[in-house]
Amino acid sequence: MITLAVFSLFGVLAVVSAVLVVVQKNAMHSVLYLAFTVLATAGVFFTLQAEYLGAIQILVYGGGIVVLYIFVIIIVNLKEIVPEQRRLIPKIFLVGVPVLLCAEVVTLVLRTGFPAAPPREDGAGFKEMAEMFLSSYLLPFEAASVLLLAVLVGAIVVARRKHIDDPD
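Going by our numbering, the sequence shown wraps up at 267, each residue one higher than the last.
Wrong hints could be hidden among the right ones.
So the derived label-pair ranges between C-beta atoms look like this [unchecked claim]:
#1 Leu246 to Phe225: 18 to 28 Å
#2 Gly195 to Ser235: 37 to 47 Å
#3 Gly224 to Val196: 29 to 39 Å
#4 Ile101 to Val198: 22 to 32 Å
#5 Val159 to Val121: 17 to 27 Å
#6 Met100 to Ile191: 29 to 39 Å
#7 Leu233 to Val198: 42 to 52 Å
#8 Met231 to Thr206: 16 to 26 Å
#9 Ser235 to Val196: 36 to 46 Å
#10 Val159 to Ser235: 17 to 27 Å
#11 Leu207 to Leu233: 19 to 29 Å
For the record, the hints were derived by calculation from the structure and aren't laboratory data. Every residue gets a Cβ at the ideal spot worked out from N, C-alpha and C, and that includes glycine.
Make the full structure from the sequences, and use the hints.
Laid out in structure tokens, this is it:
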């Protein structure tokens, strides 16, 4: 019962902070809410006893992608961008749709009472996954790391080009 409460808490925190990422006008605040969303999602993984996925969520997204966004915001001067006039109807959808989806998921979980998955008999854990990533899946693992590096370099090049073209 405590696990379900902690899982629900992390799930609600992830959804609320994800909505705040979209609604927030200040870009740095939006990135902070994104980091909080990543951490809450990792908490969901940890409560589901998927420790590896939780650790990867924190390391890859928390340590890499969020830092990349912060660098892009720092390099690109976002204060020059004029915000659009916002209407009330999209804000209602931004709040209403996630609330309805959460209510539907809670209703579904309470009505069906999903049983917990039994532990794996083969004992797959960190060691087995590490051996799998560094043996049979080494090429896709390295390709993903090169892709992340290319995204980082591309963001820096695009931001630099805008800085060089702008005489101010």
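Hints and how they fare:
no.: 1; hint: Leu246 to Phe225: 18 to 28 Å; verdict: holds, 24 Å
no.: 2; hint: Gly195 to Ser235: 37 to 47 Å; verdict: holds, 46 Å
no.: 3; hint: Gly224 to Val196: 29 to 39 Å; verdict: holds, 38 Å
no.: 4; hint: Ile101 to Val198: 22 to 32 Å; verdict: holds, 25 Å
no.: 5; hint: Val159 to Val121: 17 to 27 Å; verdict: holds, 22 Å
no.: 6; hint: Met100 to Ile191: 29 to 39 Å; verdict: holds, 35 Å
no.: 7; hint: Leu233 to Val198: 42 to 52 Å; verdict: holds, 43 Å
no.: 8; hint: Met231 to Thr206: 16 to 26 Å; verdict: violated, 38 Å
no.: 9; hint: Ser235 to Val196: 36 to 46 Å; verdict: holds, 41 Å
no.: 10; hint: Val159 to Ser235: 17 to 27 Å; verdict: holds, 20 Å
no.: 11; hint: Leu207 to Leu233: 19 to 29 Å; verdict: violated, 39 Å
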